[in-house]
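Chains as they are written, first to last, in numbering that gives the first Met the number 0: chain A, 0 to 298; chain Z, 0 to 288.
Note that these hints are calculated values from the structure, not bench results.
All figures in this text were calculated on a predicted structure; none of them were measured in a lab.
Hints are not guaranteed to be accurate.
Chain Z is nowhere near these chain A residues, computed Cβ spacing over 12 Å in every case [stated by the list, open to error]:
1. Ser30
2. Asp71
3. Arg85
4. Val137
With the Cβ distance kept under 7 Å, some of the chain A side facing chain Z (calculated, not the full set) [said to hold, decoys possible]:
5. His42
6. Thr43
7. Ser146
8. Gly174
9. Gly243
10. Glu248
11. Arg259
12. Gly260
13. Val270
14. Ala274
15. Arg284
In silico lysine-lysine, DSBU-like type, Cα no more than 35 Å apart, as pairs [as the list claims (entries may be wrong)]:
16. Z:Lys265 with A:Lys265
17. Z:Lys236 with A:Lys262
18. A:Lys282 with A:Lys181
19. Z:Lys265 with A:Lys282
Here a beta-carbon is modelled for each residue, glycine too, at the ideal position from N, C-alpha and C.
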Amino acid sequence: MSDIITLENITYVYSPGTPYEKKALDNISVSFEKGTVTGIIGHTGSGKSTLVRLLNGLERPSSGRVLLDGEDIWLKPKSIGKIRFRVGLVMQYPEYQLFEETVRKDIAFGPKNMKLPEDEIERRVRETAKTVGLSEEVLDMAPFDLSGGRKRRAAIAGVMAMTPEVLILDEPAAGLDPEGRKKVFDAISAYKEEHGATVIIVSHSMEDMAERCDRLCILNNGRIAAYGNSGDIFGDPSVLIGAGLDVPEITAVAYKLSERGLKLGKAVFTVSDAAEAVAEILKGRKAGSDGMGKGGFTL
Amino acid sequence: MTDTGKTGYIQCRNLSFSYEPKPESGPVKYALKDVGLTFEKGEFVAVIGRNSSGKSTLAKLFSLIIEPTSGELVIDGKTVSSELTDAEILDIHRKVGMVFQNPDNQLIATVVEEDIAFGPENLGCPPDEIRRRVDSALAAVSLTDYAGAEPARLSGGQKQRVAIAGVLAMQPECIIFDESTAMLDPIGRRDVMNIMRSLKDKGITVINITHLMDEAARADRIVILDGGSVIAEGTPKDILSDTALLEQYGIIPPQCTALLNELRKKGFDLPSGVTPDEVADIIAAAAGL
Chain A
0 MSDIITLENI TYVYSPGTPY EKKALDNISV SFEKGTVTGI IGHTGSGKST
50 LVRLLNGLER PSSGRVLLDG EDIWLKPKSI GKIRFRVGLV MQYPEYQLFE
100 ETVRKDIAFG PKNMKLPEDE IERRVRETAK TVGLSEEVLD MAPFDLSGGR
150 KRRAAIAGVM AMTPEVLILD EPAAGLDPEG RKKVFDAISA YKEEHGATVI
200 IVSHSMEDMA ERCDRLCILN NGRIAAYGNS GDIFGDPSVL IGAGLDVPEI
250 TAVAYKLSER GLKLGKAVFT VSDAAEAVAE ILKGRKAGSD GMGKGGFTL
Chain Z
0 MTDTGKTGYI QCRNLSFSYE PKPESGPVKY ALKDVGLTFE KGEFVAVIGR
50 NSSGKSTLAK LFSLIIEPTS GELVIDGKTV SSELTDAEIL DIHRKVGMVF
100 QNPDNQLIAT VVEEDIAFGP ENLGCPPDEI RRRVDSALAA VSLTDYAGAE
150 PARLSGGQKQ RVAIAGVLAM QPECIIFDES TAMLDPIGRR DVMNIMRSLK
200 DKGITVINIT HLMDEAARAD RIVILDGGSV IAEGTPKDIL SDTALLEQYG
250 IIPPQCTALL NELRKKGFDL PSGVTPDEVA DIIAAAAGL
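Chain A with its partners taken away, still in its complex shape:
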């Protein structure tokens, strides 16, 4: 139940002192608990990307502190690079950053920078390739010969190979087909299980977030509009709508059912939960009307 990474009263201002000065984050405080999967959602320009860049030390806050395991990551600015081995960031479309001749070399790039011994590097490459579902033969292929989905997973493996305690992914599944999306999310779950890691995902896909995240943090205009368990957040669509976001389709259906006088027993945000809840209602109604039929009782 301990927090691994904490933002404390963080404000971040872009281009301070110029006409383009913009406060991207405004006095934000939030903690991420060890071993959880947190989704960060917000519309374009809400401050999501700034937030994740602050978490792994790519940006330095204008004011406030970033604490990793209780320690200010900017205490020794010269060793900020080491923080990035512990807090891994997978950027949007990370496959654009693949550059080595083979997938093996590309995944090994991070561990090499950590100055690990050769055999340990080799071990990590194999291990992460397995985690993301890439076969041994793919390792010797050129990254550019892979399909889009495999390329994406190879790039994600490159960050995982550094075995960060906190893994942050910015739109990890954008632009992939449904199968590709599933494989990426499965890889993230596998990494989390294997390493007990904390995962933070930025995404626009409410459906994916509802299914994959324990917690949700909603950003709106540089502030936190809501932070809590996925169930609670999706249980009250007004917060999402207020922050200029969509609700998952299934939440919209539940909402529209309540407008028609059908209240589901609990907040639903996955298809199987909704199917259960609706089935309960339909069965109840059917039993009720059958009963009435037998009794010959009509109004």
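Following the hints, position chain Z against chain A.
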């Protein structure tokens, strides 16, 4: 066939394409094989299918970026072949526009209205005609107030709308969207989807290539490609309710349809629906409300 009434705006007959038609060894690998499809004028069609199913190859053929390896492709009555004159090619380029996944790859000018004027300028339109087209394209994507803005300072959704306006200024008859919402936030996606619908209402043929099934659900017709062939086509209701078909081709239906499909598995006999409103109506009716 070509002279008798409803012939289709874009027609493919046994259309095949190979990126390597004469391989050094082994059989020819086709990106598209014997595709037969018709797109009517003013139709709104979603093309879905997993990666490398041939979706983007189809878009490249329609926009004359590549030429058919075999079979026939007819666009607005003209058969696509190497015999086409430059004027005919230019005419098809004007008629069939494309909006790509990343608007940054499609925007070239430093001011929004200049970017939109680029097409009509190249067509040799007189200045007042260019002005008229730019204004009407900006209005169509609700960006009139951004005429003088810098594209680099716009959000992804706004940039994509500028890209669409740039295509509209060519006064096209068909626009192909190749995963144009993949990089946008929910609001940006909604805006672009609404624009697709309004273009269709204006009589423009809209082809939306997408991985997002909730988008496919909003088209008039869905075409599924797999391994370069057409696997199925039909209304969103029919296609997205066919669980066996979806499972076989790795397609995950939108949550609305998935909910009805799950309920059917549980033994409830329910009709098909694709939007939250339709699904809520269907369930409410089944509950006797």
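Hints and how they fare:
No Cβ of chain Z comes within 12 Å of the Cβ of serine 30 of chain A; the nearest lies about 25 Å off, and the non-interface call holds. With a least CB separation of 32 Å from chain Z, aspartate 71 of chain A remains clear of the 12 Å interface cut-off, as annotated. In this structure arginine 85 of chain A is separated from chain Z by more than 12 Å, as the shortest Cβ-Cβ distance comes to about 29 Å. At roughly 16 Å, the least C-beta separation between valine 137 of chain A and chain Z is larger than 12 Å, which holds for a residue marked as non-interface.
Given hint, histidine 42 of chain A at the interface with chain Z, holds; its Cβ is 5 Å from that chain's nearest Cβ, closer than 7 Å. Because the smallest distance between the Cβ of threonine 43 of chain A and any Cβ of chain Z comes to about 4 Å, under 7 Å, the interface hint for this residue holds. The interface hint given for serine 146 of chain A is met, as the beta carbon of that residue sits about 6 Å from the closest beta carbon of chain Z, less than 7 Å. Taken as an interface hint, glycine 174 of chain A checks out: its beta carbon lies about 4 Å from the nearest beta carbon of chain Z, inside 7 Å.
A cut of 7 Å between beta carbons decides the hint on glycine 243 of chain A: the least distance to chain Z is about 6 Å, and the hint holds. For glutamate 248 of chain A, the interface hint holds, the least distance from its beta-carbon to any beta-carbon of chain Z being 4 Å, beneath 7 Å. For arginine 259 of chain A, the suggested interface contact is upheld, since its CB lies about 4 Å from the closest CB of chain Z, less than 7 Å. Hint status for glycine 260 of chain A: holds, given a least beta-carbon distance of 6 Å to chain Z, under 7 Å.
The restraint placing valine 270 of chain A at the interface with chain Z holds, with a minimum CB-CB distance near 5 Å, inside the 7 Å limit. With 7 Å as the threshold, the beta carbon of alanine 274 of chain A comes within range of chain Z, its nearest partner Cβ sitting at about 4 Å, so the hint holds. With a cut of 7 Å, the hint placing arginine 284 of chain A at the interface with chain Z holds, because the nearest CB-to-CB distance is about 5 Å. Of the supplied pair hints, the one linking lysine 265 of chain Z and lysine 265 of chain A holds, its CA atoms being roughly 19 Å apart against a limit of 35 Å.
Between lysine 236 of chain Z and lysine 262 of chain A the CA atoms are separated by roughly 26 Å; this keeps the pair inside 35 Å, and the hint holds. Between lysine 282 of chain A and lysine 181 of chain A the alpha-carbon distance is near 33 Å, which keeps this suggested pair within the 35 Å criterion. For the suggested pair lysine 265 of chain Z and lysine 282 of chain A, the alpha carbons sit about 11 Å apart, so the restraint of at most 35 Å is met.
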